[in-house]
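Here the protein sequences line up with chains A and B, keeping their order.
Be aware that the first sequence starts at 1, since it is given in my numbering, and climbs by one per residue.
Be aware that the second sequence starts at 1, since it is given in my numbering, and climbs by one per residue.
The set of hints was computed from the structure by calculation and includes no laboratory data.
Nothing here was measured: the structure is a model prediction, and the numbers come from that model.
Among the clues, some could well be false.
[What the hints assert, rightly or not] Per the computed footprint, the stretches of chain A lying under chain B, defined by three or more beta-carbons under 8 Å from a beta-carbon of chain B, are: (1) 19-32; (2) 50-61; (3) 64-75; (4) 92-98.
Where a beta carbon is used, it is the ideal one built from N, C-alpha and C, also for glycine.
In case you want the letters, here they are:
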Amino acid sequence: MKNFKINHREVRSYDVLELSGELDAHTASQLENSLKKLIDNEKHHIIVNCEDLDYIASAGLGVFMAYIEDVRSLGGDIKLTNMNPKVYNVFDLLGFPTLYDILEEESDAVEKFDNNESK
Amino acid sequence: MSSSSFENDERQSRFEIKTLLETSRMLIESQDMDFVLNNLLLITMGKLMVSKGMILIYQPATDNYEVSKSKGRGCPTEGKTLSFNWDQEVKEQSVIRCGIDDFEMPEVIEGDTHCTFFNLQTSNNHIGFLCLGSKGNNTSLSEREIEFIESLSIISSVAIANSRMFTELRRINRMLDRKVYELNTLFDLSKDFNIMVDREEIVRIFKFAMLGQMLIRKFFFVLENEGERKMVARSGIEGSLSSEETDKLFALEDDLVEVDQELTEEIPFLKTNEIKAVIGLQFQSEQIALVGVGARANEEEYSSSDYNFLRSLGNLAVLSIQKTFLLEERIEKERIEEELNIAKSIQQGLLPDPIPSSDKLEIAAKNISSYQVGGDYFDILKVPSGELLFAIGDVTGKGIPAALLMANLQAMLHVLLPIDISLSKASAQINDIIHQNTPSNKFITFFWGIFNPDNREFRFVNAGHNPPIWLKKGKEESEELQEGGLILGAMPTMAPYEEQTIQLSEKDVLVFYTDGVTEAMNEDETEEFGEERLLNCIKENRFQSAAEIQEGIIEEVERFSHDVQYDDITLIVLKVS
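Throw the hints in and build the complete structure from the sequences for me.
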């Protein structure tokens with residue numbers, strides 16, 4: 001499956017998903033499962049670290065679209081961090097920056113969660 | 001003119017040229033319109049020592065001016081719009097000097113009646129005005145100053161036009177990037193879908209691609225399969241569509257419908273879920289699916305090109321889903337064929353092999369099945385007493401049901417064989433069992449007999465089968481072996497099956513056959529092979545061996561039917577040695 005991997009770790013009470021490889025039609029459901037699992041466990045402060053993400057297809061973006069409302073309605077957020085320029089360009093092209101909190105560094109996201117800031 | 005004032009003039013000229021040069025470089029190199037405008041205003045204000053100034057940008061759509069930059073007291077605030085009742089000629093005038101030029105000007109800067117408007121224009125485009133108030137010492141601008149600002153305005157106009165063009169190019173470029181990305185998405189998904197056989201996965205990916213590509217939050221997808229229209233995917237949707245509502249959506253005439261009030265009144269589901277548009281999807285020019293989409297989350301409206309994309313993506317998904325159905329059908333068909341082949345080999349295994357031999361009797365037997373599995377049956381067995389049992393039967397129908405029944409009959413026969421029981425009683429028992437175990441429209445025509453090699457007696461029971469032909473040595477007339485009883489399985493045994501015994505002699509020929517022989521059709525399908533042809537064929541070959549007689553008959557049938565076989569053919573030829 002095109003070496004897509006999700007690593008889950010916790011930073012204090014926040015959940016960080018580290019994505020690496022290519023997030024495309026085949027791997028989108030892996031991300032979906034991970035997000036679902038967090039939401040089912042009432043974890044709503046989610047940081048998606050994209051540092052090692054090489055590629056994202058629209059199906060991958062769709063997964064974020066499908067779950068952002070749920071998370072926000074529960075008082076949390078999905079914050080995206082550490083994107084490489086190529087991946088950011090795709091997000092930007094489709095207009096994601098107006099809807100999502102896209103941050104330079106994971107620590108920025110932690111800080112924003114600490115200060116209870118949302119997009 | 002004194003030499004010092006000349007020097008002064010020259011110095012000023014040099015300064016002005018230098019300013020022009022530097023400004024023009026700075027402005028032209030900048031692609032930021034805001035930067036250009038701000039600098040133009042500040043440079044001119046500083047240079048002329050004017051404390052009030054504005055930049056007005058012309059809005060062609062509304063034919064008025066927006067205050068883009070505004071500095072100094074009494075100037076209208078930025079963002080305000082102003083309209084002037086000017087003739088076209090005024091707009092083309094390079095400089096307008098209020099209070100000096102010969103027409104009425106509104107007082108755009110409060111308390112200032114001597115504003116000067118410098119036209120910002122390129123050869124084909126009126127951009128707006130640089131508007132300067134009076135000088136601090138309340139003198140009007142000198143010719144020289146006006147000339148200088150005019151030059152600066154021209155340079156700035158070019159810079160503004162450039163930056164506008166650049167902005168436009170950037171916008172177009174971005175649009176192109178998005179188009180390229182859309183095409184890539186379609187291309188990638190067509191590849192991805194192609195290798196997917198799991199329908200649910202295709203539907204899921206389709207959903208996410210829609211959501212991600214268009215920033216959609218509310219989405220539903222209805223698919224028709226085997227006459228049933230079902231919502232197979234949804235996101236952010238509450239409630240469900242009734243089947244009447246679904247049918248209404250399918251009945252919409254256009255394959256793209258932007259939801260309006262009339263439609264939401266008919267189908268409130270669309271309103272509660274804020275569905276913006278319903279797009280019909282087709283497979284082989286038949287609408288078999290539709291998607292509904294809510295507003296885009298970035299609040300952009302759907303363009304026709306967006307709709308086109310959604311439709312292309314949808315049609316691609318539907319095509320891939322249909323492909324999986326076809327694939328399943330095909331696999332199912334192959335599986336059935338495979339099973340039929342297995343059934344056929346099992347059935348072939350039920351026929352006697354090798355065929356028992358006897359020194360009192362030449363035996364030739366053959367079964368040629370037309371379909372993969374058929375209902376014909378024959379058997380030749382050595383009974384414990386040393387006698388030979390011959391059986392031939394034809395189950396109604398074809399295929400698996402016929403083959404099952406035939407296998408059943410074969411099993412009964414083999415179980416009954418070692419038991420010392422008369423053909424008559426055994427026939428009655430078989431009939432009852434078949435009658436009990438099968439639907440009444442399933443039955444078997446069956447003939448069986450036992451040859452005693454010691455006295456050449458042949459006793460038999462015929463249960464509704466084509467009567468075997470007995471051609472006695474030297475006789476032209478044949479006899480038919482009719483005696484017996486009812487066809488097997490049609491009704492319970494009421495009257496006993498009659499058992500008949502005949503005395504065979506040397507060179508007598510017995511032929512057992514199924515209706516595949518006599519009902520073989522000629523090429524035009526107008527005539528059956530018939531019993532007469534069969535009988536003639538037996539007579540022609542009566543001096544040959546049993547195998548040769550059998551071959552002769554089969555060849556004759558094949559010639560008659562031009563090798564087109566509609567039914568199973570089973571043939572047993574016995575010749576008394």
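Has the stretch 50-61 of chain A got at least three residues whose CB is nearer than 8 Å to a CB belonging to chain B?
-> Coverage by chain B holds here, the residue count being 5 at a Cβ distance below 8 Å.
State whether the coverage of the stretch 92-98 of chain A by chain B holds or is violated, taking the criterion as 3 or more residues with Cβ-Cβ distances under 8 Å.
-> Holds, because 5 residues of the stretch 92-98 of chain A bring their Cβ atoms closer than 8 Å to Cβ atoms of chain B.
Given as covered by chain B, does the stretch 64-75 of chain A meet the bar of three residues or more with CB within less than 8 Å?
-> holds (count 4)
Are there three or more residues in the stretch 19-32 of chain A whose C-beta lies closer than 8 Å to some C-beta of chain B?
-> holds (count 6)
Comparing the model with each earlier hint shows no violations; every hint is respected.
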